[in-house]
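Could you build all of it, start to finish, from the sequences and the hints given here?
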Amino acid sequence: MKTLMLGNQAVARGLYEAGCGFVSSYPGTPSTEITEEAAIFEEIYAEWAPNEKVAMESAFGASLFGVRSFCGMKHVGLNVAADPLFTISYTGVNAGMVIAVADDPGMHSSQNEQDSRHYAIAAKMPMLEPADSGEALKFTKKAFEISEQFDTAVLLRMCTRIAHSQSVVETGERTSSEVKEYEKNGAKYIMMPGNAIKRHPVVEERTRLLIGFAEETPLNRVDAGKDTSVGFITSGTAYQYVKEAFGDTHPVLKLGMVNPLPVRKIIDFSKAVDKVIVVEELDGIIENHCRNIGVDVTGKEIFPNFGEFSNNYVAEKLGLESGKFRKVGAVIPARPPVMCAGCPHRGLFYVLKKNRLTVLGDIGCYTLGAVPPLAAVDSTICMGASVSGLHGFNKAGGDSRRTVAVIGDSTFMHSGVTGLINIAYNESSSTVIILDNSITGMTGHQQNPTTGFNLKGDPCTKIDLEALCRSIGINRVRVVDPYNLAECDAAIKEETAVDEPSVIISRRPCALLKYVKHPGPVISDSNKCRSCKACMQIGCPAISMKEGKAVIDNTLCTGCGVCIQMCRFDAIKSR
Amino acid sequence: MTTQNIMIVGVGGQGTLLASKLLGRILLEHGFDVKVSEVHGMSQRGGSVVTYVRFGDKVFSPVVDRGEADYIISFELLEAARWLEYLRPDGLMISNSQKINPMPVITGVAEYPDDLEGKISGTGARLICYDALSLAETAGTVKAVNLVLLGTLSAFFDFEESEWLDVIGKSVPPKFIEVNKKAFLLGRKITNGKVLSAGN
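First to last, the sequence lines map onto chains V and P.
Residue 619, in the numbering used here, is where the first sequence stops; the numbers in between run on with no holes.
Residue 973, in the numbering used here, is where the second sequence stops; the numbers in between run on with no holes.
Worth flagging that the hints you see were computed from the coordinates, not collected in a lab.
Quantities reported herein were computed from a predicted structural model and do not represent experimental measurements.
Keep in mind that the hints are not guaranteed to be accurate.
[Stated by the list, open to error] Computed cross-link-like contacts, DSS-like style, restricted to lysine-lysine with a CA-CA straight-line distance of at most 30 Å:
#1 V/Lys185 / V/Lys309
#2 P/Lys955 / V/Lys344
#3 P/Lys916 / V/Lys593
#4 V/Lys371 / V/Lys315
#5 P/Lys954 / V/Lys46
#6 P/Lys794 / V/Lys46
#7 V/Lys500 / P/Lys943
#8 V/Lys398 / V/Lys561
#9 P/Lys794 / V/Lys368
#10 V/Lys558 / P/Lys943
#11 V/Lys309 / V/Lys344
#12 V/Lys397 / V/Lys439
#13 V/Lys561 / V/Lys577
#14 P/Lys892 / V/Lys500
#15 P/Lys831 / V/Lys319
#16 V/Lys371 / V/Lys361
#17 V/Lys228 / V/Lys185
#18 V/Lys344 / V/Lys368
#19 V/Lys537 / V/Lys617
#20 V/Lys185 / P/Lys794
#21 V/Lys368 / P/Lys892
#22 V/Lys361 / V/Lys319
#23 V/Lys558 / P/Lys831
#24 P/Lys943 / P/Lys954
#25 V/Lys558 / V/Lys500
#26 V/Lys439 / V/Lys590
#27 V/Lys558 / P/Lys892
#28 V/Lys558 / P/Lys872
#29 P/Lys892 / V/Lys590
#30 P/Lys916 / P/Lys955
The following block contains the structure:
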């Protein structure tokens, strides 16, 4: 049946059709929907793991037992899972195992722009890269075949534009994949030096065989073109931009398998054209490979190794003219993402700003606490770095009475808890604030170990944050309501003042959660408003100044009441 | 047929994804190759959002670039002005006249430009601009702005009204079908396919 599918949904369909039985992932844009869609199939066991390392190791365990398995993550998630990745390369698999990694050129929703193909090369693992949803489905199925044929986990590289665009796919039936028998095999699965030394040459031989496979597989294909003055080598999204610009004019070598790369196929292609141009987003990996095998190509002299390409961008760089357009003369103000009206993080960040604290931040919706007018965050690195960074900051001589870490509930479970163990163990008098909004917010409301529900939506064990922090050795653990500014202010003042580690849990569910009942919009009284703009300091999108008076947008306001506490003239009231 | 490009732009949370879902579905039913591109994640939260819908015999790129859009539906006036560059010189902009202040305007570091409707038509662009929010309210919910605007766009396509209504019936939850159909028809009647305010 032909149907429109998101690239990520097509990967999930591919998992289903390939007979995959086990999925474990951690959410991360642009990879999240693969696992959400996979969870809809009854035949697939699917779960959110606390982090990508746990997800990959669990998927490996399922493969070891004999069930086709999968884990998905965003590019930076693969950094977290890099430890198992490199050694799973040595052990190989029992049943097929596929690892999807979603890159984000242009950083639509990421803290860096790393190119995951480097991991495939470094871990010596094959990597496929689809260029639309149809390929996403087919390549996912093919990846399981390659995995079992060559005894290796297989990486599937997605990019934002492939993961988050819908295109036409043809669906098929699920192949029943039998559970493979698990046989004890220490030489293959126990990676202590004596065994690993023997596995490394096996990996090198596998790569040699995979290069042979890359020469023959239809995953790497040539689209014919009459004008052989130039031929293009490309893959993924960049392939689509090249075809958009040139159609069938020039020959195009489209690489669906981006590691290992073919040799003879590229040499043959280069001989059939006068000039070869490599078009690839991010790093010049295909280009460097071509040079290494003695093929003269043009690539990064034209295209930069940063940012996202587009139709016009590729066309212009390759000497074509792009279309004319009209432009409004006025300056158009930017519309950056903002904390939603009613967001529980807002009140807490206002208090941090008011107290002029140094705030080590983390990854989640609350990264938006860095945006004016709150502008209350000093650093954001990666998942968990707020907590461990705070410890280092304080130990190195930072003033622990003026410095805190903020981290969300999901991020804390991901990798904040290990940093907190370090704070307890090595005794820094650090104050960690866990922003518990009872959901993984930024990626679109995924459950996590603290919510009490699993990926399928069923009730499950709920990790008790207070008990967890106490059991680690944090004696001062308290809970505050971030809608109550005075309560937050008092807690932060007291906990930063004490000379021992402390945790403040700022607890309120995300305002966008369906079960959250809001009191309804607040009312502003223009007669009482003195135009002091105190309410504007919290950066709520529902409040604006019209003719010098504060006005509430009733379609946005939830009635959280934080602005009521900001007004000294009683001009804002609850309904 | 050469590839046609539609863009749906607005503010995160305005329901742009439903409009693109409906478009994708009806185009696929008519046998076109279709690509729909969305952006999820951080840029969703109250930020400027865009969805690209492309259709034709064979579609390659999932995105639309400057000067390429045949139609842009904008859920908000400032967003219409922002994305105007993506419209072909002979393309059509259909915009809601609603204004939603972005954070830099709320905090006072930037100003919401005045008379954007005039400024957009002043470039010579073909523009249909009206209060889609009121029509959505008339239909029964402010959330149906997306269907009102889609209705206006639908008048420029050769598909039968019944086909559109059929797709709406198949794509939204049962209890919202009637209000969405009503909103769609109100939007569809705006022009009956004629541009009200054409530029020069």
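- Task: Please write out, lowest number first, the hints stated earlier that are contradicted by the structure.
- Result: 2, 4, 14, 23, 26, 27
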